[in-house]
Every structure is written in structure tokens, then in C-alpha cells.
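S.K.: Letter by letter, the chains look like this.
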Amino acid sequence: KAGVTQTPRYLIKTRGQQVTLSCSPISGHRSVSWYQQTPGQGLQFLFEYFSETQRNKGNFPGRFSGRQFSNSRSEMNVSTLELGDSALYLCASSRDRADYGYTFGSGTRLTVV
Amino acid sequence: KNEVEQSPQNLTAQEGEFITINCSYSVGISALHWLQQHPGGGIVSLFMLSSGKKKHGRLIATINIQEKHSSLHITASHPRDSAVYICAYATGTASKLTFGTGTRLQVTL
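Sequence order for the protein chains is B and Z.
Position one of the first sequence corresponds to residue 1 (the numbering used here), numbered consecutively onward.
Position one of the second sequence corresponds to residue 1001 (the numbering used here), numbered consecutively onward.
FYI, nobody ran anything at the bench for these hints, they're computed from the structure.
Keep in mind the model is a prediction, meaning the values are calculated, not measured.
Beta carbons are placed, not taken as given, at the ideal position from N, Cα and C, and that holds for glycine.
Among the clues, some could well be false.
Stated by the list, open to error - Ranges of calculated distance between the beta carbons of each label pair, as one might list FRET restraints:
id	chain 1	residue 1	chain 2	residue 2	range
1	Z	Ser1045	B	Gly84	14 to 20 Å
2	B	Thr14	Z	Val1027	37 to 43 Å
3	Z	Thr1012	B	Arg67	41 to 47 Å
4	B	Glu82	Z	Glu1003	36 to 42 Å
5	B	Gly42	Z	Lys1055	26 to 32 Å
What the hints assert, rightly or not - Here are some of the chain B residues that sit facing chain Z, going by a computed Cβ distance under 8 Å:
id	residue
6	Ala2
7	Ser33
8	Leu43
9	Arg55
10	Gly101
Full structure from sequences and hints, please.
M.R.: Okay, structure coming up:
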């Protein structure tokens, strides 16, 4: 069965630009969560979507947003990029809740210059 | 103070050694996850625990809910076990994970 697919794998953007990252979950998984990983802060929860609705949100500024489509695919968007947004962005899918277990994608490595 | 404390931060072992990584947390949780991250970034979910003990191959995970503590054991370690091991918890029915800072394991021949 196909895993969680994140696109693109690598991305270089300039400060002030915006970026959209994509995550396709495992078939049948309706929950998609997004995480940011940086050397300084480690892994941090961004937000979670379930059945096209944001169900949980972490402590990130409004420049970070996301959405989920009817086929459970999810996108996250970062507007007005800052150097500090350079990170590995990971998504994970789950059937429903955290206690059903997660499958992670390989991540998108974003570099802001 | 991080809500999830892992120890040790770094660990070097020789092939064949028994390895233990510890994770302590401070809140009531619904599930604890052990994750493995190799260089390049991809994360693999190893275990999800809400009580007791789970075993998969050479990996064993235990959790003591009363003491708010979990351990990940690797028996007969191998160089391919070299990775960062991360524990993370979820609370209630929320899907938000809170992560530890990770333990970097290197297994040498």
C-alpha cells in the first residue's frame, strides 16, 4: 500500500515569497497533521486536519495555514517567508485519532534565502 | 523546561550491545509514540503505547503510566540501528503530538 507522499522534497524560496507544500495521506486515512522540524526547536506541531476541518492548531503565526480536500489530501501554505522558516516540514496521516498511530511522509526541506 | 525529557541525548554503542533510551513526561497522556529518524529526515513510527510493553523484532518498548516514564530497548544492536530516536505523546483524543528532543544513537562495528 502506498505511503504518505509529500511534494516537493526540496524547495528554495526567497524571503517574502510564499510557498505551498502538499501531502497525500495513506488511502483511508482521514487525519493529516503537519510538523516543523528545525535544529533549534526540534519537532513542533503545526496543525491537524480531519474531514476537511482544522481540528487542532499549534502555536505558529497566522502566516502558516493549511487546508484539506475531500480526498483527504492536504496542503500547507506559508506566506511572507522568513529566514527562520527554513526547516523540514513533515506530515503524518492517521485513520482518526493519535491513538490509532501515525505514518509519516519523507518531508519537504524548505530553505529560505 | 521541555514537557518531554529524553536521556541520554547521545549514545554510542558497539555492535551487539543492549541499548536503553528513556523518556519522561509530566502530563496525563493517552498514547506515547517512539519514532525513528534516519539522516535525510524521514520518520518511521516504531511503537505506540498506552500501557504495558510491546515488542517488534529486536525492539522493545515499555511504559509506566503511574511514573510517567517509557523506555525503548534495542537488543543486539547493529550499525543499521544508528538513527535519532524520538518519543512523543498525545493527550486525550487530540492528535497533536508533543515531542522530546531525541536521542542520537550511533552503533559501531
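S.K.: Run every hint past the structure and note whether it holds.
M.R.: So, going through the hints one by one against the coordinates:
no.: 1; hint: Z:Ser1045 with B:Gly84: 14 to 20 Å; verdict: violated, 28 Å
no.: 2; hint: B:Thr14 with Z:Val1027: 37 to 43 Å; verdict: holds, 40 Å
no.: 3; hint: Z:Thr1012 with B:Arg67: 41 to 47 Å; verdict: holds, 44 Å
no.: 4; hint: B:Glu82 with Z:Glu1003: 36 to 42 Å; verdict: violated, 26 Å
no.: 5; hint: B:Gly42 with Z:Lys1055: 26 to 32 Å; verdict: holds, 28 Å
no.: 6; hint: Ala2; verdict: violated, 15 Å
no.: 7; hint: Ser33; verdict: holds, 6 Å
no.: 8; hint: Leu43; verdict: holds, 4 Å
no.: 9; hint: Arg55; verdict: holds, 7 Å
no.: 10; hint: Gly101; verdict: holds, 5 Å
Comparing the model with each numbered hint stated earlier shows that hints 1, 4 and 6 do not hold.
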